[in-house]
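Q: Chain by chain, the residues:
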Amino acid sequence: MAHPAMMHPPARREIGADVYNEKLGIWIFLGSEVMFFTALIGAYIIVRFGSPEFWALPNQILNVPVTAINTFLLICSSVTMVKAFASIQDGDQKKLQLYMVATVIIGAAFVGVQAYEYTTLVHEGFLPSGYAAGSHLAELAARGELPASVSVYGSSFYTMTGFHGFHVSMGVVCMVFVTWKAFKGKYTKEDHRGVEVIGLYWHFVDLVWIILFTIVYLV
Amino acid sequence: MSWILPPSASTFASDIDFLYYVILWITGIAFVIVEVGLVVFIVKYRARPGRKAEYIQGSTKAEVIWTAIPAVTVVVIGLMSGGVWNDVKGRNSVPAGAIPYGVHAQQFEWQISYRGPDGQLGTGDDFTVRNQLHIPVNQPVVMRLTAEDVIHSLFIPAFRVKQDAMPGMTIDVWFEATQVGEFEIACAELCGIGHTTMGATVTVHTADDYQRWLADRVAAADR
Amino acid sequence: MATTALPLEKTTHATHEMSFVRKYIFSTDHKIIGIQFLLMSFVFLLFGGLMAMMMRWQLGFPDQPLPAGQLLPETMAPGGFLLPEFYNSLVTMHGTIMVFFAIMPLLVGVFGNFLIPLKIGAPDMAFPRLNMASFWIALTAGILIMAGFFVEGGAAGAGWTSYAPLSASPEWTGVVGGQQLWLVSLAVVGLASILGATNYITTVVNLRAPGMTWFRLPLSIWALFVTAILVLLAIPILSGAAIMLFFDQTIGTHFFDPTDGGQPLMWQHLFWYFGHPEVYILILPAMGFVSDIIANASRKPVFGYHSMVYALISIAFLGWIVWGHHMFMSGMNPTLGMAFMMSTMIIAVPSAIKVFNWMGTMWRGNIMFHVPMLHSVAFVSMFVIGGLSGVFMASPPVDIYFHDTYFIVAHLHYVLFGGSLFAIFGAVTFWYPKMFGKLMNPLLGKIHFWLTFVFYNLTFFPMHNLGVGGHMRRIYDPSQYEFLQPLAPLNTFITVSALLLFAAQIPFAVNFIMSWFNGEEAGENPWNDNGLEWIVPSPAPHGNFAEVPIVYRGPYEFSSPLVEEDFLPQTRKLDSDTEPAAASAAE
Ligand SMILES: [Cu+2]
Ligand SMILES: [Cu+2]
Chain V
688 MAHPAMMHPP ARREIGADVY NEKLGIWIFL GSEVMFFTAL IGAYIIVRFG SPEFWALPNQ
748 ILNVPVTAIN TFLLICSSVT MVKAFASIQD GDQKKLQLYM VATVIIGAAF VGVQAYEYTT
808 LVHEGFLPSG YAAGSHLAEL AARGELPASV SVYGSSFYTM TGFHGFHVSM GVVCMVFVTW
868 KAFKGKYTKE DHRGVEVIGL YWHFVDLVWI ILFTIVYLV
Chain F
945 MSWILPPSAS TFASDIDFLY YVILWITGIA FVIVEVGLVV FIVKYRARPG RKAEYIQGST
1005 KAEVIWTAIP AVTVVVIGLM SGGVWNDVKG RNSVPAGAIP YGVHAQQFEW QISYRGPDGQ
1065 LGTGDDFTVR NQLHIPVNQP VVMRLTAEDV IHSLFIPAFR VKQDAMPGMT IDVWFEATQV
1125 GEFEIACAEL CGIGHTTMGA TVTVHTADDY QRWLADRVAA ADR
Chain B
4 MATTALPLEK TTHATHEMSF VRKYIFSTDH KIIGIQFLLM SFVFLLFGGL MAMMMRWQLG
64 FPDQPLPAGQ LLPETMAPGG FLLPEFYNSL VTMHGTIMVF FAIMPLLVGV FGNFLIPLKI
124 GAPDMAFPRL NMASFWIALT AGILIMAGFF VEGGAAGAGW TSYAPLSASP EWTGVVGGQQ
184 LWLVSLAVVG LASILGATNY ITTVVNLRAP GMTWFRLPLS IWALFVTAIL VLLAIPILSG
244 AAIMLFFDQT IGTHFFDPTD GGQPLMWQHL FWYFGHPEVY ILILPAMGFV SDIIANASRK
304 PVFGYHSMVY ALISIAFLGW IVWGHHMFMS GMNPTLGMAF MMSTMIIAVP SAIKVFNWMG
364 TMWRGNIMFH VPMLHSVAFV SMFVIGGLSG VFMASPPVDI YFHDTYFIVA HLHYVLFGGS
424 LFAIFGAVTF WYPKMFGKLM NPLLGKIHFW LTFVFYNLTF FPMHNLGVGG HMRRIYDPSQ
484 YEFLQPLAPL NTFITVSALL LFAAQIPFAV NFIMSWFNGE EAGENPWNDN GLEWIVPSPA
544 PHGNFAEVPI VYRGPYEFSS PLVEEDFLPQ TRKLDSDTEP AAASAAE
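Those protein sequences? They're chains V, F and B, same order as listed.
With our numbering as the guide, the letters of the first sequence map in order to residues 688 to 906.
With our numbering as the guide, the letters of the second sequence map in order to residues 945 to 1167.
With our numbering as the guide, the letters of the third sequence map in order to residues 4 to 590.
The hints are simulated quantities; they were obtained by calculation from the structure and are not laboratory data.
Among the hints, erroneous ones may be present.
Just a few of them, taken from the derived set where beta-carbon distance is under 10 angstroms, the chain V residues facing chain B [said to hold, decoys possible]: (1) Arg700; (2) Glu811; (3) Phe850.
Where is the CB? At the ideal position from N, CA and C, for every residue including glycine.
Isolated chain V (complex conformation) (with noise of 0.2 angstroms):
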């Protein structure tokens, strides 16, 4: 026996924004994230202006290539996630299926690459509060090859980075979740809001690591 306005479902309404609310929540849920990067990549900015010389040049500490090979991996992933939204327009549970797992698998391998080089970073001596004591990099600085001191440089890396991998990974444990229900063939031709909304938060990840690996690898 259920509530008077559950037996009535309240279909009339003002139009709002003329989509669904999930998809309206995370579109301002977004928002939020904007902002919080703003304030990440505004902090960075400020610092790296306001003291320049504490910056290597881009090849000598991070490992770009490896890190551009990342980049292509996730714009895949986002690749992958359209066409798990468009299978699911079509009412292909399968396709949607293989590309939501396909999209977890890439999206998790992203993490694994970025813990791969975090692990190799710190190896080497580079940390968020700078050189390791007698690393080889603090070594390389010591010889004059690189510069006297990178504490902001490796803070603002590892935050930004950071929290941009905590994004991919929670990313990752929602398309989880997503992709079990897509096996359990929860999602229609009609109704696939979850597939809709996951797809949105993992394109906007996407697109601030392409912001993120431009600001922090390339320039």
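Put chains F and B with the ligands on the given structure of chain V with help from the hints.
A: Here is chains F and B with the ligands on its own, set in the frame of chain V:
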């Protein structure tokens, strides 16, 4: 319960005080208008049996008036403020020939450095006095304000001087004392456990006294 | 796909077989969540108030031990005398608790939740479960921040603004874990706020009943909607800054460390870029509630409804370009200071429009002085003082003298207590019947109002004069300074007033609790108001409306010539009314 600012003793203090009194009058009048208006309305339009409120949606004319008047007023205040601000804190406001002092703030004291015999600040013959600033009267002086650890704020109420000392920055603060005597310095920015104790004094000397004090100090430093 | 007509809104309102826990603890009903926020915020309001009392005692009676101060541990108040480090913690925690765990949840958490669906004619929020999560996340954050008092080194002590580098290292504050808990708590409560804001915005945009067009929304809903946008965009800035500061403290980053490439001034820019919109988050909803209440009590339409809406929007918009007025003395470029001065001055204009339009609403009205109205009139008169005193600090040269003095303490309390809190008392009394089905006792309400009004002014008004005397804020022992010694009697006077102000809240607490059990039955519409919430039973049932309400007009049709009564509910269909177009379009 006073609205009168304490006595002042620097050249630009009167400009700042004047601006304060202008704003005090303007806001005071606005305050009286609104509060009296509210009281009148409360009494006059209180509910009485058999009366009905008038059905009024608004009045564009009235709204234009009470948009325009505050707008003009604040712009005028803004323009007046801008001029004084430029004279006191503007990038080029420090008068030529102002005597420089180093004021270094740290938990929880003020290290004040004076030029040595070479007439240059920041050289080896400077001497430093803790929590005591000595300056001559009627002579512009400029504090090269720095901070050791956290943010402090140099506050000299009688001179209407306040400026944060920001670690990593050197900020010039100038003023010209107009009265001989002793005045208090306080730290106005929360800077840790001992914040409250971070006081110091300014002693304003006549030109002759100042030279004598300086000579004594230099002699003491030599010994 | 692109229609609004998906009849799939998840409602979890099964009225039977709902256990106590599901119904009242882990409830997804927006009204229960609103009440949960109300109880939580009142507890934090009490905590914040107690902290203020301790600070006032220190300033008013520095030679005497705090009454019952012996109960505090040695690390806070040996022999009942507060330690300076504990005083700094009190300064910090009082501000933070009041802003983030009392006023903000009271305005946004309580009334955003309670009012939005009811007033727009929706069965619940767009995302009820997310709404529940918001509350529990906020409560967790509250517990985290209070935990600061119980860890080694005490609670955060760098002020609610937490300026770096003081806040960045235990070396400077003497506070170890408390500072980190403070940051984590703010990041967590920020998440709750962002989820809440997402929910409010979606709800207002998408779930309005047919006929509830944008310009038929009550100003309370407009204000909450605009506030939600500010929350959505401002809070993540604080979260980002808090995370960077947290990393500075924990993993050795150097964002705000000037000795290694970082910039302390950047903290202030980030903090106030969030902080000034936050100021409006703390006052706009109050303006909305007061607009509703004044129209109701005056039995007149809100004067200039449209300009009230535009004023709200322009205040919210201008709020983004004024943050530098907190930093005139910070060493920021003085020319930039002038730009911030001008934008700040301009904000006086929409604020003035609001004040005069409230007065215009009362003009030629037939004003009933019910308790909510008393608080609302107090709001207007106190907000005016807070607004006018702001002009002093907006003028940079005058700010040289007043920056970081008690003048600003007076100013901000006139806005946040005289403004927001009076509006909250008014709003709680006004909507209490819809929350609990009972009326609050008007006599106790009036006693509470008058005592609060008198002692509030006796407490905070003289603080202006302390500021004129040059009295710095956040100072533990003013007797250290000769120029502050003449102000000591005034400090004592303020302390006595503050203690009485605190005591004056007892009738409110009694009234709130007693009325819950013994209050007079309210009936559907005790204030003869027009809003949609007043057409449902009190307390409002789960799911709110038995059928979708249809709206024919705005919420302020009081004393309309069209009807005999002096009010005209939004849902009452007159012969001249036509069905709203959208109602059939979306079927
Ligand atoms: Cu200090
Ligand atoms: Cu502000």
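Q: What hint numbers does the structure not satisfy?
A: Hint 2 alone not satisfied by this model.
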